[in-house]
Amino acid sequence: MNRILVVAEHAGGRLNASVAKCVSCALAIPDAEVTVAVLATDGTAVAAAAAEIHGVARVLLVRNPASEPALAAVLAPQVAKLAAGFSHVLGPSTTFGKDLMPRVAALLGAPQVSDVMAVESAVRFRRPVYAGNAIATVEAAPGRTLVATVRTASFQGAGGGGSAAVETVTVDAPLPAHTRFVSVSAAKSDRPDLQTAARVISGGRALGSKENFALIQRLADRLGAAVGASRAAVDAGYAPNELQVGQTGKIIAPELYVAIGISGAIQHLTGIKDARTIVAINKDAEAPIFEVADYGLVGDLFSLIPEIESQL
Amino acid sequence: MRRILVGIKRVIDYNVRVRVRPDGSGVVTDGVKMSINPFDEIALEEALRIRERGGADEVLAVALGPDDAQQQLRTALAMGADRAILVKAGEPVEPLAVARALLKLVERETPALVILGKQAIDDDCSQVGQMLAALWDRPQATFASRVEIAGERAQVTREVDAGLETIEVDLPAVITTDLRLNEPRYVKLPDIMKAKKKPLDVTDLAALGVEAEPMLKVLKYEPPPQRQKGVMVKSAAELVAALRQKGLV
Numbered sequence: 001m002n003r004i005l006v007v008a009e010h011a012g013g014r015l016n017a018s019v020a021k022c023v024s025c026a027l028a029i030p031d032a033e034v035t036v037a038v039l040a041t042d043g044t045a046v047a048a049a050a051a052e053i054h055g056v057a058r059v060l061l062v063r064n065p066a067s068e069p070a071l072a073a074v075l076a077p078q079v080a081k082l083a084a085g086f087s088h089v090l091g092p093s094t095t096f097g098k099d100l101m102p103r104v105a106a107l108l109g110a111p112q113v114s115d116v117m118a119v120e121s122a123v124r125f126r127r128p129v130y131a132g133n134a135i136a137t138v139e140a141a142p143g144r145t146l147v148a149t150v151r152t153a154s155f156q157g158a159g160g161g162g163s164a165a166v167e168t169v170t171v172d173a174p175l176p177a178h179t180r181f182v183s184v185s186a187a188k189s190d191r192p193d194l195q196t197a198a199r200v201i202s203g204g205r206a207l208g209s210k211e212n213f214a215l216i217q218r219l220a221d222r223l224g225a226a227v228g229a230s231r232a233a234v235d236a237g238y239a240p241n242e243l244q245v246g247q248t249g250k251i252i253a254p255e256l257y258v259a260i261g262i263s264g265a266i267q268h269l270t271g272i273k274d275a276r277t278i279v280a281i282n283k284d285a286e287a288p289i290f291e292v293a294d295y296g297l298v299g300d301l302f303s304l305i306p307e308i309e310s311q312l
Numbered sequence: 001m002r003r004i005l006v007g008i009k010r011v012i013d014y015n016v017r018v019r020v021r022p023d024g025s026g027v028v029t030d031g032v033k034m035s036i037n038p039f040d041e042i043a044l045e046e047a048l049r050i051r052e053r054g055g056a057d058e059v060l061a062v063a064l065g066p067d068d069a070q071q072q073l074r075t076a077l078a079m080g081a082d083r084a085i086l087v088k089a090g091e092p093v094e095p096l097a098v099a100r101a102l103l104k105l106v107e108r109e110t111p112a113l114v115i116l117g118k119q120a121i122d123d124d125c126s127q128v129g130q131m132l133a134a135l136w137d138r139p140q141a142t143f144a145s146r147v148e149i150a151g152e153r154a155q156v157t158r159e160v161d162a163g164l165e166t167i168e169v170d171l172p173a174v175i176t177t178d179l180r181l182n183e184p185r186y187v188k189l190p191d192i193m194k195a196k197k198k199p200l201d202v203t204d205l206a207a208l209g210v211e212a213e214p215m216l217k218v219l220k221y222e223p224p225p226q227r228q229k230g231v232m233v234k235s236a237a238e239l240v241a242a243l244r245q246k247g248l249v
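Line order of the protein sequences matches chains A and B. If you count by the numbering used here, then the first sequence holds residues 1 to 312, one letter each, in order. If you count by the numbering used here, then the second sequence holds residues 1 to 249, one letter each, in order.
These aren't lab readings, by the way, just hints derived from the structure by calculation. Because the structure is a prediction, the values reported are computed rather than measured.
Stretch by stretch, here's where chain A covers chain B in the computed footprint (C-beta under 8 Å, at least three residues): (1) 16-26; (2) 92-98; (3) 110-124; (4) 127-140; (5) 158-165; (6) 174-184; (7) 209-219.
For each residue, glycine too, the CB sits at the ideal point set by N, CA and C.
From just these sequences and the hints, can you work out the full model?
Next comes the structure, spelled out in C-alpha cells:
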C-alpha cells in the first residue's frame, strides 16, 4: 500500500481548491491510501471540507495558533513529523506548496519531484522542465519517502461525497520564532478566482495603461470570468502581480481563455496551454499567440472589445 | 566582515528556444549560448545594492556545476561580486545535494544573508533555497519582490498567489528572488577587465564532504504536446457566434 499525505492549503477558514487536485494526483498512485493534513489554529471547517473530498481516507487535524497565517518555517517541522510512515507527501504547486514542500523534503532528507503533471507509477512521474519546452519522466529510488508538488492545472479536482474520519492529533516539534508574518495585501474582488475560474479574460501590454485595463475587467464581468494579465502588463503596472498568468505567475486550465493584446511569449503560453479553448485578439497577425489559439481575431482591441460586448 | 552569499547557476540562455534531443536523452546544448540563470542575476544585483547601501561588506558568488561555470562566475565578478567559488560537479546535482554543498560553504563563510534565485530556468525545481534554509535551521523568504534590511532583521515582501505578503525574518536568512525585485545592471568593459583579477576559488563536492547520491533519475525527455493552430475569424460577431455554438459564452 502507498500511504500518501496531502498537505492542505487553506486561508480564512476555507479549504483551497488545490487540495482536491492534490487528492486526484494521490489517487492516481497505485494502491493509494490518502490522508489529508490540516494545520490550523482551529481548522474545524477546513478539516470537515477535506473529509468530504471523494477518496480521502482520513483527515489529520493539528491545532496550533502558530500555524496561521501559514509560514513554511513553522509548518515544515510539523509536516515532517506527521510524514513518518507515509510513502509520499504531496502539496500543491501554488506559492504555498512551493514555499513549504522543499523545506519538508530537506527535513526528511527526501528528494522532491516538483510540478507533477502525470503519475506513471508510485515512483515515476512526468513533469515540465525548461518552462514547459520539455517534459521529463522522472523516477525516484524506491524505499524512501518521496515529496512532490502537484501541478494543479494538470488534475481535475476530486469530487465531493466523501466522509473521512477527522482525527485531531498533536505534533511534538519545536517551532522557530525567527520568521514572523507582517501583512498581506490582496485586492478584494468579487470576480471568480483566477486559478479555478472556468473563464479567464487576460490583458497584455497593448492595453497601454492601468485605466485602459479596466476594459478587460468590464468584459470579464460581462462573462462572469476571472481577470488575468501578461507579465508585461504586470511589469508595466497595469495589473497587480497576483493576476499574472504564465510560467512565473499562475498556471491555469480554464474552459475558455481569452488573451487580449498579448503577443504570447513562451513563458505566458506555458501558463495557459492546458486551457480547453484559447481565443486570441491581437492587432499583429504574426503574434505567436495565434499559433496556439483555437480562435484568432486580428484587429484593434479598443474597437473589438465593445463590439464583442454588444454581441453578448 | 558582513557577507552576502549569492548562488549562480549556469543555464541555457533564456532567449534560446530549447529543443529536446531526438533520442530523448536531454535537450540540445551544442553551440547553445549559456548564461547566468536570470533569477540568480537578480539575486546578485540585490546583494550588490545592499552592499552599496552599506548593508554588507562583501558579496560572494558561488556556483555548482561544470568547469565552464567559471564563465558565469567571471560575469558575476564583473557585475560587482568581490570573490567567487566554483564547486565542481560533473553530472547535474539534485537540489538537496546542492543545498548540502551550500550549507558547507555557509558554515565556512558565515554570511548574514544568502540570496538565491527562486528557481533555475532549466530544471524549474524551485527547491534549493528552501532546502538550504531547512538544513541551516534559518528563516526563508521566498519569491521576494522587495527586501529591506534593518540591523539583524529583514522585511521581505513576497509575491504569493493572494497578492503581496510581507514577512519579517531574523538574520542570517535565505532569500529567493522573484522577477520584479530589481533590474540587474549591465556589465561594462572595464569591469570585465577588473574581474579577471578577482579571486575565483575552485573546489569540488568531495572536498566539501558532500555525497551527491542520486535519488532521482530522469528516464527521458520529450517535447511537449503541441496545440493545433485553430481558425482565424473575421469579426467580433463571428467570434461570439463560434463561442456561443461551443457553449462557452
